[in-house]
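J.: Sequence:
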Amino acid sequence: MRINVLQHTPNEGPGSIQDWAHAHDHEFYVYHPYQFGNLPTANETDLLVVLGGPMSPNDDLPWIKQERVLIRKLLDQHKPIFGACYGAQQIAKTLGYQIGKAPHKEVGWAPVYHQTDAIPGIPDQLTALHWHEEMFQVPDEAQLLFSSDLVKNQGFLLGDNVIGLQFHFEPLIDNVREMAVNDNQYPLDHNDLHQTPQEIIDHGVPAANKQVMFKLLDYITK
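With UniProt numbering, the residue at position 158 of the sequence shown is 158, and numbering never jumps.
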């Protein structure tokens, strides 16, 4: 399987998604469209991973629109897609749904609650890393997958091959450090989780997050 990853900022990488790919001996390619403008084709993509970033799907940038063309083709071909944060928003936007300000800005660690039994083996509650102030509308044709205390629309499952999460299960501890030290002003500005960059680092990554990330990827690629 060829996994194509769209990364949108240097400090939000694939984390445990790369570990999953290596554990299954998949080919793993990382694209940086915000810098180089290159995207894979649909025909050379078996799984598309769309990562987070500081931009919005509403931004009027050619490469953001080109990403949605690729996502549309993969949706039509029923290929697996996983989106995190901005990536989940891009999937929803491709399907014609609105992206707008969330009722609360969440930056840091907070619980998320599993909302459907469609994917077996997912705990009812997990602690995820949040790094966002926008959110997606859950597509009518999708199931609500996760919610948090502050923002209901935290994840969706579309069919059996597409998952979008508003938060992050993929970061490993080095990824958390990278996010916190480079984007260190973002948690300090009107953050409804009231966590500092150092507090975010000190929290550590729950072991369950990598396990659940693997389960989600296993589910959409089965």
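Everything labelled a hint here was simulated from the structure, so no lab data went into it.
Incorrect hints may have been included.
To be verified - Cut-off 25 Å, straight-line C-alpha distance, at most; resulting in silico cross-link-like pairs (DSS-like, lysine-lysine):
#, residue 1, residue 2
1, 210, 152
2, 73, 152
3, 105, 152
4, 73, 105
5, 222, 105
6, 222, 79
7, 73, 210
8, 222, 210
9, 65, 222
10, 79, 101
11, 79, 65
To be verified - Ranges of calculated distance between the beta carbons of each label pair, as one might list FRET restraints:
#, residue 1, residue 2, range
12, 10, 125, 28 to 34 Å
13, 143, 35, 32 to 38 Å
14, 113, 41, 34 to 40 Å
Just so it is clear, CB atoms sit at the ideal spot from N, CA and C, and this is done for glycine as well.
J.: Take the hints in turn and mark each one as holding or not.
T.: Each hint tested on the structure:
no., hint, in the structure
1, 210 <-> 152, "holds, 23 Å"
2, 73 <-> 152, "violated, 29 Å"
3, 105 <-> 152, "holds, 13 Å"
4, 73 <-> 105, "violated, 32 Å"
5, 222 <-> 105, "violated, 34 Å"
6, 222 <-> 79, "holds, 11 Å"
7, 73 <-> 210, "violated, 29 Å"
8, 222 <-> 210, "holds, 18 Å"
9, 65 <-> 222, "violated, 29 Å"
10, 79 <-> 101, "violated, 29 Å"
11, 79 <-> 65, "holds, 19 Å"
12, 10 <-> 125: 28 to 34 Å, "holds, 32 Å"
13, 143 <-> 35: 32 to 38 Å, "holds, 35 Å"
14, 113 <-> 41: 34 to 40 Å, "holds, 38 Å"
Of the hints listed earlier, those the structure fails to meet are numbers 2, 4, 5, 7, 9 and 10, in rising order.
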